Structures are given as C-alpha cells and as structure tokens.
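Participant: Sequence order for the protein chains is A and B.
All residue numbers for the first sequence refer to this note's numbering, where the first residue is 1 and numbers rise by one.
All residue numbers for the second sequence refer to this note's numbering, where the first residue is 1 and numbers rise by one.
Quick caveat, the hints were computed from the structure, so don't treat them as lab data.
Warning: the hint list may mix true and false statements.
[Stated by the list, open to error] Distance condition first, Cα-Cα at most 30 Å in a straight line; then the derived BS3-like pairs of lysine-lysine:
id: 1; chain 1: B; residue 1: Lys42; chain 2: B; residue 2: Lys31
id: 2; chain 1: A; residue 1: Lys65; chain 2: B; residue 2: Lys42
id: 3; chain 1: B; residue 1: Lys45; chain 2: A; residue 2: Lys65
id: 4; chain 1: A; residue 1: Lys76; chain 2: A; residue 2: Lys65
id: 5; chain 1: B; residue 1: Lys39; chain 2: A; residue 2: Lys43
id: 6; chain 1: B; residue 1: Lys42; chain 2: A; residue 2: Lys76
id: 7; chain 1: A; residue 1: Lys76; chain 2: B; residue 2: Lys45
id: 8; chain 1: B; residue 1: Lys31; chain 2: A; residue 2: Lys76
id: 9; chain 1: B; residue 1: Lys45; chain 2: B; residue 2: Lys31
id: 10; chain 1: A; residue 1: Lys43; chain 2: B; residue 2: Lys42
id: 11; chain 1: A; residue 1: Lys65; chain 2: B; residue 2: Lys31
Here the structure is a predicted model, which means the values were calculated and not measured.
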Amino acid sequence: EVQLLESGGGLVQPGGSLRLSCAASGFTFRSHAMNWVRQGQGKGLEWVSTISNDVHSTYYADSVKGRFIISRDNSKNTLYLQMNNLRADDTAVYYCAKNPGGGFSFGHDYWGQGTLVTVSS
Amino acid sequence: DIQMTQSPSSVSASVGDRVTITCRASQDIAKWLAWYQQKPGKAPKLLIFLASTLQSGVPSRFSGSGSGTDFTLIISSLQPEDFATYYCQQSSSFPITFGQGTRLE
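Isolated chain B (complex conformation) (with noise of 0.2 Å):
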C-alpha cells in the first residue's frame, strides 16, 4: 500500500498569511493527486486533483504542485474561512489513501 504523509500536522496562522502543506508519497504516485478540504461537521471538498489542477469554483488562493513522490498545498493568502483539516489523497493505485490530514488554525 501506498503510503501517505503530510506536514505538519497541525499548523496556527492569521489571516492573510501564506500557507504552506506538503504530502509524500511512499512510492511514485506521478500526478494523481488530491487535495480536500474539511470544516467540522461537514464533508470533505474536492480542491485540487491531479496534483495541480483547481476544481471549478475554488478560490485561486489555493494551489497545488509536485509530482512523484512530494506535492504541496499552498495558500497563498488565507481568509477567515479557510480555516478547516486539509487531506491529500491518492488515487495512483488501489487501495486509496488519504494522508493524516493538517489541522490550520
């Protein structure tokens, strides 16, 4: 099974900051990546897939990179409603699996 492991697990930032989350792979998952997003109570929201590509009506303060075996997540200036549990997931080979997750707040 791949392996997936984000960083931090936890990160404090203000509002208009610039964040940064990243993901490793245990093996080469090339690009087939995704990012979501969670609030308490509520489901988990598509951000990014194949590693970079936004979703159809995320904010473009989100973003993505990588390839191979480390992606990141940034936010490049956060607002008051970002603040949630992030998760990577891969979709390279069965079984999925999701990273951790990174608590912002």
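Just chain A, same shape as in the assembly (with noise of 0.2 Å):
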C-alpha cells in the first residue's frame, strides 16, 4: 500500500525557516517524480514544486523560487522541503503527492494527507 507521510509542519513567524518531510513507503520512491502542493485555508491547490527521480531536475512555483528547496533522499525513501524567509502567504496545508512514475505530465496519482504550515508572529 503506498504510503505517504508528511510532517515538520508547524508555527513559526514571518522570516523564518522549516523543512518539511514526506515518508514514502509501499513503491520504488527512487523511480518516481516527487511534488509539493499547497493549499490555503479556504482556497484553491497551489502547485509548489517537482523533483525528477533522479534527482537531478527541480522546478518551483514563481512564488517560492529562491526560498524554498525541494530535495530527495532516494535511501532514505524521503521528500523534502526546505523554506527559507518564510511570508504570511505561505500559510497552507502543504501536500507531498506522488507522479505514476518519473515523467511529469500523467498527474499525481497518490497524496499524503498533509501538514499545515502557519507563518505568523
């Protein structure tokens, strides 16, 4: 069963920084493009950021580019999300989710059930 666990959500204030994790299990993690996804209080999904599996390609949001770092540990089975100088708009669940294999265009067939980061002083 695939299994996607999310944590190091939590309150910090604006300028700040959090990482966040995801503990995959129940796939080969190595052989599958990685994603996070947000989504505020009340509004619609935010795509934040993809990592190839291989590691090698990343890509984000306009929004967060230059503050957060998406990563993998491909023998840790884990996904990471480094944010740095951390704004009130960055308040959201924010969602690890899996692609069908390592391409990036087939949607994100497994979601985890998120963890809620708050930006405020």
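Please assemble the complex out of the two chains, which come individually in their own frames, going by the hints.
Facilitator: Okay, structure coming up:
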C-alpha cells in the first residue's frame, strides 16, 4: 500500500525557516518524480515544486523560487522541502504528492494527508 | 504561465443528475490534463489523467474528454459521495497550474 506521511509543519514567524519531510513507502521511491502542492485555508490548490526521480531536475513556482528548496534522499525514501524567508502568504496545508512514474505529465496519483504551516508573529 | 479556467465555480445538483464541468487552458496543452476530486479536510484524489484516462479504482460514471484548450469532466449519474470540489490541472509545462475549482453542492 502506497503511503506518504508528511511532517515538520508548525507555527513559524515571518522570515523564519522550516523543513518539511515526506516519508514514502509501498512503492519504489527512486523511480517516481515527487511534488509539493499547497492549499491555503478555504483556497484552491497551488503547485509548489517538483523533483525528478533521479534528483537532477527541480522546478518551482515563481511564488517560492529562491526561498524554497526541494530535495530527496532515495536511500531513505524521503522527500523534503526546505522553506526559508517564510511569509504570511505561505500559510497553507502542504501536501506531498507522487507521480505515476519518472515523468511529469500524468498527474499525481497518491497524496499525503498534508501538514499545516502557519506563518505568523 | 498557462492559466486554467474552470466553469462553473459552483454547481448545485441532485443525486442522479448528469453534471458537466469545463476547464479551459490559456494555450494548447494537448492532452496533458488531469482532474481531481477533493472532499473537505481530505487530500485531493486523482480521477482522470491524460484528459480522458480513468485512474484505477475510479467509478465509470466519471469521464473526461477534450484536447488542446478545452476539456470536460462529466459525472453521468451523481451519487451522494460525489459532492466535493473538483480541480483540473495542466502538466504540459512548468509551472504546473490548477484551475480554481468547481464546488459541487
């Protein structure tokens, strides 16, 4: 059974940093591209970042480029999102989502339950 | 960036109804479109990818069509568990973008 378990969310002050983790199981992690998608309270889905299965390619939404870093450790079956210089508008539930394979164009077939990040003083 | 526009933003329907949701891309995305269902407090669920391919385990009352810039999600006979918010998503190019959502109530 595929499982994606996010952790690391919480309350952080503006300008602060946080690192999210997503522990994956039930599939061959190193064979799948992975993503972070967020959703503000009462708002729609916003794609944040994607990383290729082999780590060599990363992509970011303009809203987080230069502040967030996506990474993965295929030996630990874990996806990460390092979030720096956080702003109030980064407040959201952050979901880890898996692609069906190494490609980027077939949607996200499994999602974690999400972890809440709140940026506030 | 490719803008995705869904319509309607909300729709009121009853069990047994046929429901149609449309999604328009601001430029040609071929068939690189997915549809998701999201219930309150839950993660999104993939329904359809490649515009018309049903994800494994998704009931056949869901169907998708379209290519280029215009896409449609149809629920042929609405069931009680289908009341949710639906999103389209393009993955033709980065940045990946979602539609604003359609609330089915």
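Participant: Work down the list of hints and note, for each, if the structure agrees.
Facilitator: These are the hints, each one checked on the structure:
Using a Cα cut-off of 30 Å, the hinted pair Lys42(B) and Lys31(B) holds, with the two alpha carbons roughly 27 Å apart. Distance restraint check for Lys65(A) and Lys42(B): the Cα-Cα separation of roughly 27 Å lies within the 30 Å cut-off, and the hinted pair is therefore satisfied. Annotation: proposed proximity of Lys45(B) to Lys65(A) holds, straight-line Cα distance about 27 Å (limit 30 Å). Of the supplied pair hints, the one linking Lys76(A) and Lys65(A) holds, its CA atoms being roughly 25 Å apart against a limit of 30 Å.
Distance hint between Lys39(B) and Lys43(A) is fulfilled; the C-alpha atoms sit about 13 Å from each other, no more than 30 Å. Taking the CA atoms of Lys42(B) and Lys76(A), the gap is near 26 Å; set against the 30 Å cutoff, the hint holds. Note on Lys76(A) and Lys45(B): the hinted pairing holds, with a Cα-Cα distance of about 26 Å set against a maximum of 30 Å. A threshold of 30 Å between alpha carbons decides the hint, and for Lys31(B) with Lys76(A) the separation of about 34 Å lies outside it, so the pair is violated.
For the proposed pair Lys45(B) and Lys31(B), the alpha carbon gap of about 19 Å is at most 30 Å, so the pair holds. Proposed proximity of Lys43(A) and Lys42(B) is supported: the alpha carbons are some 13 Å apart, at most 30 Å. Of the pairs offered as hints, the one joining Lys65(A) and Lys31(B) holds, with about 27 Å between alpha carbons and a cut-off of 30 Å not exceeded.
The structure does not agree with numbered hint 8 stated previously, though it agrees with all others.
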